[in-house]
Amino acid sequence: MSSLTSALPPAEGMGPRVARWGLYLILLLFAAYYLLPLVVMLSTSFKSLDEIRTGSLLSLPRDISTDAWIYAWTRACIGADCRGMAPYFMNSLVIVIPAVIISTLFGALNGYALTKWRFRGANVVFAMILFGSFLPSQVMLLPMAQTLGFLGLAGSAGGLILVHVVYGLAFTTLFFRNYYVSIPDDLVKAATIDGAGFFQIFTKIMVPLSLPIMVVTIIWQFTQIWNDFLFGASFAAGGAQPVTVALNNLVNTTTGVKQYNVDMAAAMIAGLPTLVVYALAGKYFIRGLTAGSVKG
Amino acid sequence: MATLSINNVRKQYGSVEVLKGIDLSLTDGEFLVLLGPSGCGKSTLLNMIAGLETISAGEIRIDQRVINGVHPKDRDIAMVFQSYALYPNMTVARNIGFSLEMRGQSKTERDGAIQRVAKLLQIEHLLDRKPAQLSGGQRQRVAMGRALVRDPKVFLFDEPLSNLDAKLRVDMRTEIKKLHQRLGTTVVYVTHDQIEAMTLASRIAIMKEGVVQQFAPPQEVYERPANMYVASFIGSPTMNFIRGTLAAEGDRLGVSVWQDRTASDGGPCRFLPLHEAPAQADRWLGQEVILGVRPEAITCYDPTMAAGNPALVKVGCPVSVLEPTGADTITYIQLSGQEVVARIKPSDTPVEGEVADFMIDMGRANLFDPKTEQRL
Amino acid sequence: MTLQTPSYKAAAISAQNNQTQTEAPPARSNFGELVQRHLSKLVVAPSFAAILVFVYGFILWTVYISFTNSRMLPSYELVGMDAYTKLWKIERWYVAIENLLIFGGLFIGVSLAIGIVLAVMLDQRIRGEGVLRTIYLYPMALSFIVTGTAWKWILNPSIGIQEFVRDLGFPTFTFDWIVQQDTAIYTLVIAAVWQSSGFVMALFLAALRGVDQEIIKAAYLDGASLPRIYWGIVLPSVRPVFMSAFVILAHLAVKSYDLVVALTGGGPGYASDLPATFMYEMTFRRNQISIGSASAMMMLATVVAIIVPYLYSELKGGKRV
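Those protein sequences? They're chains A, B and C, same order as listed. Just so we're aligned, residue 0 is where the first sequence starts under numbering that gives the first Met the number 0, counting upward by one. Just so we're aligned, residue 0 is where the second sequence starts under numbering that gives the first Met the number 0, counting upward by one. Just so we're aligned, residue 0 is where the third sequence starts under numbering that gives the first Met the number 0, counting upward by one.
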């Protein structure tokens with residue numbers, strides 16, 4: 000990516016030099032602002048309670064202790080359940096993995112059908128699917144709760160998987176549709192003449208070409224679903240809740256002494272998976288963010 | 000090898016009629032070129048033959064078998080696309096053998112067929128590469144290989160040379176022609192390039208706005224164009240269109256070229272006697288006509304040639320601009336006030352601004368109706 | 000030199016002979032044919048049906064319920080605008096709306112400002128740009144709950160920033176916004192901006208890089224200074240992105256639920272309540288389903304009022320979403 004100012008020659012002289020130092024300073028200050036919470040969370044989670052009481056917010060732990068982490072993972076009390084975050088972490092996995100796979104698969108098929116086998120009304124269908132994703136979920140919460148109860152899925156992982164798949168369809172379809180639009184239609188025509196059918200073209204030609212967008216979609220869906228709280232709080236009960244709901248319950252329980260280090264460790268546990276994904280594949284995440292938003 | 004017949008075929012998109020009754024029939028082994036500007040319907044017609052578009056009305060038959068509604072894979076056709084449409088994720092070998100894979104043939108059968116085709120097109124050394132690693136000309140060959148391996152009755156080409164640079168285009172054009180001579184398969188070829196049409200076709204169908212303007216062998220289209228549209232589409236520089244009146248001088252029929260429109264009954268004009276009378280000459284006598292003469296029919300005056308050929312008519316005209324191209328010099332001359340283009344050999348080049356003698360080969364002249372633009 | 004008939008050709012010919020006909024095969028109206036022709040539609044159908052039911056259908060249901068007198072369980076007897084009139088009499092709802100305006104306005108404004116400024120700064124051929132970008136954007140990868148938890152800790156008067164600064168030697172320093180009724184809402188702004196401004200920056204940075212370099216060169220030759228070039232030429236040409244960012248941020252603001260729950264719990268009391276938390280409270284805790292539905296409808300109306308004109312103007316200009 001060429002920078003805007005690569006069009007222009009670099010500035011010479013003292014004035015611009017000072018300005019440049021000022022620029023770096025401001026940028027670093029902002030970096031500090033963004034890093035602050037992460038640093039605080041991490042350092043607090045490695046401190047003992049005494050150190051937290053006597054020490055200050057920004058001080059690094061004198062002795063790194065993993066006690067809080069172990070406690071948070073195995074013994075912390077979330078509501079009345081004192082098995083730590085571990086089972087809830089597993090819940091999140093059980094919910095996220097199938098939901099990501101199913102919504103991505105349908106998104107790919109939809110994008111393929113809508114761009115390479117256009118039918119009358121395809122644009123309307125796509126518009127309606129996409130528009131739905133803009134609407135606040137508050138208007139769908141109650142009826143969804145009722146429906147899940149009706150289907151016998153209330154409070155279970157299955158119910159949440161269904162919810163996340165349905166509400167994830169809009170974005171996965173958007174990603175794949177915009178990607179497939181730029182794959183030449185001639186490929187499908189040639190394959191048709193060669194005798195390949197609808198699904199054969201999909202599996203033998205489209206899917207092998209879809210790796211970049213698949214990565215973007217999977218990362219995006221993983222992040223959205225793992226980080227969700229509203230659906231988790233509304234549709235899962237007790238032991239079936241995802242890790243974000245568990246975190247909130249843990250932090251907001253006021254029994255006994257507030258164990259801040261455990262709270263922070265728990266927050267890190269809840270946040271690490273998406274952070275790791277971001278660290279490893281961040282540029283695909285960014286591509287997903289800007290995919291539907293920037294024109295051209 | 001097969002016959003192809005297109006009978007009164009129409010195509011509509013909603014209320015817009017894109018093809019308005021096309022009638023073409025090809026004999027076994029013919030090379031048909033559909034020629035025309037973009038939007039004339041040639042690609043639509045090709046897609047209908049392939050089965051990628053439905054036929055609104057009319058019939059298309061391959062070897063007497065009606066193929067309306069038959070799936071492309073069962074029509075025994077193969078197509079080469081403008082963008083080649085090679086499958087990017089597959090090797091060249093798999094690209095070529097894909098249709099056989101779809102037919103369920105065994106690996107050994109497929110490999111044999113792929114090898115044979117690769118040898119024919121001299122791309123054996125490319126079989127393990129992916130399309131992204133090939134040059135434009137190589138991709139062209141692979142696309143043709145993919146079509147060849149199907150052993151179809153009709154080959155369809157959709158502007159296959161448009162994406163190549165000029166030199167490569169000429170080379171590939173010759174290759175296609177040689178391939179056709181070898182295999183003798185019926186071909187339908189779409190292009191907007193009139194040189195490709197002239198060099199490759201056994202017959203050309205020139206299309207404009209969904210209607211076939213003329214369907215004839217290249218030389219006939221060149222020398223006896225059916226209307227002014229065809230006349231101006233083929234040939235470069237384009238044919239001269241000279242305004243005049245059909246008149247008689249003595250017992251000879253000819254065209255009076257005016258100085259300007261108001262001088263049709265007086266003022267300086269030239270009389271160019273015709274070598275042969277047009278149809279319905281009586282009806283047109285005294286009427287305005289357009290005389291079509293190609294630049295190469297106007298050359299430098301040569302008395303010995305003129306004496307031997309009664310069709311050659313001498314004219315003296317002032318020369319306005321010279322454009323030397325190496326092989327000829329394109330010369331712009333004024334004939335009774337109208338600008339006319341001539342092709343002069345460099346050795347005979349006249350001088351700009353002076354009057355020189357030229358001769359027009361009226362035996363190669365065409366007359367057109369100014370209103371309908373049809374040939375008389 | 001002609002080709003010998005290869006084996007595959009022979010096979011093809013014999014297969015062909017078995018099917019040679021002189022007329023088109025009669026139209027097979029069996030089920031298989033029908034499916035084949037409409038396969039594309041069939042593939043999209045499940046998703047479309049799901050959206051129809053789970054989005055549009057549910058909205059209609061909520062609309063209906065908002066016109067009934069439901070409390071703990073849905074009742075289907077229509078009572079007109081009752082729930083809406085009751086809604087607009089609740090003080091807490093007014094607090095929520097006012098908070099939304101304050102929060103929304105500040106959140107969008109500050110995020111846009113920071114985002115643009117950071118984008119412009121990063122565009123100046125900075126060394127380590129990649130690292131900085133990663134740092135500015137990572138908050139978007141976190142759940143709002145994690146964000147809320149972390150900031151709650153940092154903004155806590157007794158152990159957070161206030162205590163830290165006091166320990167540094169400023170015993171009268173106060174930063175207890177989060178526990179004060181009047182200022183709790185601003186803490187939400189701080190945390191939300193932290194989460195989303197990196198996203199705005201990413202959008203603008205991408206847009207800046209798409210600006211036609213020739214225009215910049217021309218302006219430079221005409222004697223424009225760098226700030227002038229940015230202000231007068233570059234920023235106006237990224238106006239579409241401006242609109243996109245605005246709409247996305249507005250959308251996020253209206254939907255804000257997770258962050259409120261984690262950071263302030265809507266408190267103190269309900270001083271930092273937002274429509275989303277209000278709706279949840281009414282529907283799932285207070286057994287006032289009709290009122291909750293009515294508040295949800297108000298949220299929907301707000302979002303639609305922002306999104307629809309935007310989409311309309313986008314689609315008029317071009318056909319791609």
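Note that these hints are calculated values from the structure, not bench results. There's no promise every hint is true.
Stated by the list, open to error - Cross-link-like lysine-lysine pairs, in silico, DSS-like; alpha carbons within 27 Å at most:
(1) A:Lys203 <-> B:Lys129
(2) B:Lys344 <-> B:Lys370
(3) A:Lys188 <-> B:Lys313
(4) B:Lys370 <-> A:Lys188
(5) B:Lys207 <-> B:Lys19
(6) A:Lys188 <-> B:Lys72
(7) A:Lys188 <-> C:Lys40
(8) B:Lys72 <-> B:Lys129
(9) B:Lys106 <-> B:Lys176
(10) A:Lys203 <-> B:Lys106
(11) B:Lys207 <-> B:Lys118
(12) B:Lys72 <-> C:Lys254
(13) A:Lys188 <-> B:Lys344
Stated by the list, open to error - Just some of the chain A residues that point at chain C, by a computed CB distance under 10 Å:
(14) Thr73
(15) Ala266
(16) Leu274
Ideal Cβ positions, reconstructed from N, Cα and C, are used throughout, including at glycine.
Review point. Against which earlier hints does the structure fall short, listed by number upward?
Key: Failing hints, ascending: 2, 3, 4, 9, 11, 12, 13 and 14.
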